[in-house]
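Whenever a hint applies, use it, and build me the whole structure from the sequences.
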Amino acid sequence: MKQISYLLLIAVVAFSCQKEKKEAKVVVPEEIKEETPPVVKKFGYILDHFSVVNDTIRPGDSFGAIMDTHGISRSKVFEITNKIKDTFNVARIMAGKPYMLLKAKDTTEKAQVFIYQNNKIDYTVIDFRDSIIATKRKKPVKLVEKTASGTINSSLMQTFDDLDLNFLVAYNMADIYAWTIDFTRLQAGDRFKVMYTEKFIDDTIPAGIDQIKATYFEHRGKPIYAFRFVDDSINGSIDYFDDEANNLRRAFLRAPVKFSRISSRYNLRRRIKYYGNKIRPHRGTDFAAPIGTPILATADGIVTKSERKGGNGKYVKIRHNATYDTQYLHMSRQAVKVGQFVRQGDVIGYIGMTGNTSGPHVCYRFWKNGKEVDPFKQDLPASKPLADSLRPGFYKHIEPLRTALDSVPFKPQETIL
2 MKQISYLLLI AVVAFSCQKE KKEAKVVVPE EIKEETPPVV KKFGYILDHF SVVNDTIRPG
62 DSFGAIMDTH GISRSKVFEI TNKIKDTFNV ARIMAGKPYM LLKAKDTTEK AQVFIYQNNK
122 IDYTVIDFRD SIIATKRKKP VKLVEKTASG TINSSLMQTF DDLDLNFLVA YNMADIYAWT
182 IDFTRLQAGD RFKVMYTEKF IDDTIPAGID QIKATYFEHR GKPIYAFRFV DDSINGSIDY
242 FDDEANNLRR AFLRAPVKFS RISSRYNLRR RIKYYGNKIR PHRGTDFAAP IGTPILATAD
302 GIVTKSERKG GNGKYVKIRH NATYDTQYLH MSRQAVKVGQ FVRQGDVIGY IGMTGNTSGP
362 HVCYRFWKNG KEVDPFKQDL PASKPLADSL RPGFYKHIEP LRTALDSVPF KPQETIL
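Count along the sequence shown from 1, then add 1; that gives the number in our numbering.
Just so you know, the hints here were simulated from the structure itself, not pulled from any lab data. Everything numeric in this text was worked out from a predicted model, so none of it was measured. Do not rely on the hints blindly, as some may be mistaken.
The calculated lysine to aspartate or glutamate pairs, modelled on DMTMM-like cross-linking and capped at a C-alpha distance of 25 Å, are [to be verified]:
{"id": "1", "residue 1": "Lys412", "residue 2": "Glu110"}
{"id": "2", "residue 1": "Lys259", "residue 2": "Asp165"}
{"id": "3", "residue 1": "Lys77", "residue 2": "Glu110"}
Quick look at the structure:
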């Protein structure tokens with residue numbers, strides 16, 4: 002009996018040990034993984050393969066001087082510039098433009114690749130490691146559709162600033178409505194809505210406005226829609242039309258300067274302080290703006306005068322057709338020559354104070370059939386209307402745009418400081 006009990010005890014102990022072994026957890030030492038650093042790639046190059054220099058072109062810098070600083074001989078610089086001259090003129094590098102140098106990761110640290118950033122999107126790569134190759138490239142751009150709205154308290158630009166909106170949208174809107182709205186005479190309470198696409202690099206870096214798709218401007222109680230539309234598919238011509246397919250563009254801009262103010266209007270009985278308050282006809286419209294502000298041609302035409310003469314100071318005169326001429330006085334300098342053809346909106350000079358003037362402005366004069374007249378009282382000709390054959394497609398195109406635009410709420414006026 003004792004022997005049986007002893008055997009049972011041994012069996013119980015053996016079973017318990019076996020159970021404990023089964024339940025015991027096997028502890029495996031945790032494997033320590035080394036983190037692989039992320040691969041940084043820019044402009045198509047893995048930066049870890051090079052010694053990288055980021056810098057900016059300074060006044061007086063030249064391509065040759067930059068190369069010399071980073072170990073490239075004059076003979077090699079000559080070879081590079083001669084080989085790439087059809088793609089990139091190194092003499093035209095501009096102060097303020099950023100560049101990147103990729104250098105050898107060895108004791109020589111010689112430059113191997115020069116990357117010049119023309120603007121936020123375009124850049125030029127000059128690779129001279131083995132053979133010499135220059136290529137023009139673009140950074141990937143993402144388009145983001147946006148909307149904005151506001152109510153005017155003082156000026157369009159001030160409203161955009163108050164609402165922290167991209168001022169480039171305001172410039173584009175001013176171009177669209179340049180023939181229909183006088184932006185120097187906006188009223189408090191005028192309001193707008195706009196749909197546009199903005200360009201971004203690396204998803205976060207703004208790179209400008211792509212296009213205004215549709216906009217609405219309520220000026221003095223009158224609503225004016227504008228829709229972007231390709232009106233010539235062969236030439237890719239694009240214009241803006243209202244909701245009734247009327248072209249918003251006119252043969253003449255309303256003003257030769259963007260966002261300026263009218264300091265003096267056409268007035269045949271104006272008393273001029275400069276001439277002792279005597280009555281002297283003022284046959285022009287004065288647009289005041291800071292010195293150096295670009296002056297724009299208000300319509301297509303041929304430059305007939307570009308000179309300095311007496312009280313006019315430096316000025317430009319343009320012949321538009323058999324009916325109309327315009328003149329722009331008191332420039333700091335002209336930007337066009339006699340005989341040159343200019344397009345509407347081209348810069349023809351810059352605001353100055355030459356001639357008889359007491360402040361920086363451009364005196365804009367307007368001739369019709371050889372007689373000086375007030376341009377704001379003229380029924381100026383409209384541009385070519387939208388062809389009847391294109392109207393069905395236009396109305397179909399604007400329907401969703403108008404629905405989306407109408408659904409954008411106006412920012413309450415009280416939110417504008």
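**Prompt:** Taking only the CA atoms, is the gap from Lys412 to Glu110 under or equal to 25 Å?
**Reply:** Not satisfied, since the Cα-Cα distance of roughly 57 Å exceeds 25 Å.
**Asked** If you draw a straight line from the CA of Lys259 to the CA of Asp165, is it 25 Å or shorter?
**Response** Given that 25 Å is the threshold and the Cα spacing comes to 20 Å, the pair holds.
**Request:** Mind checking the alpha carbons of Lys77 and Glu110 for me, to see if they're no more than 25 Å apart?
**Result:** Between Lys77 and Glu110 the Cα gap is close to 16 Å, so the pair holds against 25 Å.
Hint compliance for this structure: hint 1 is the single one not met.
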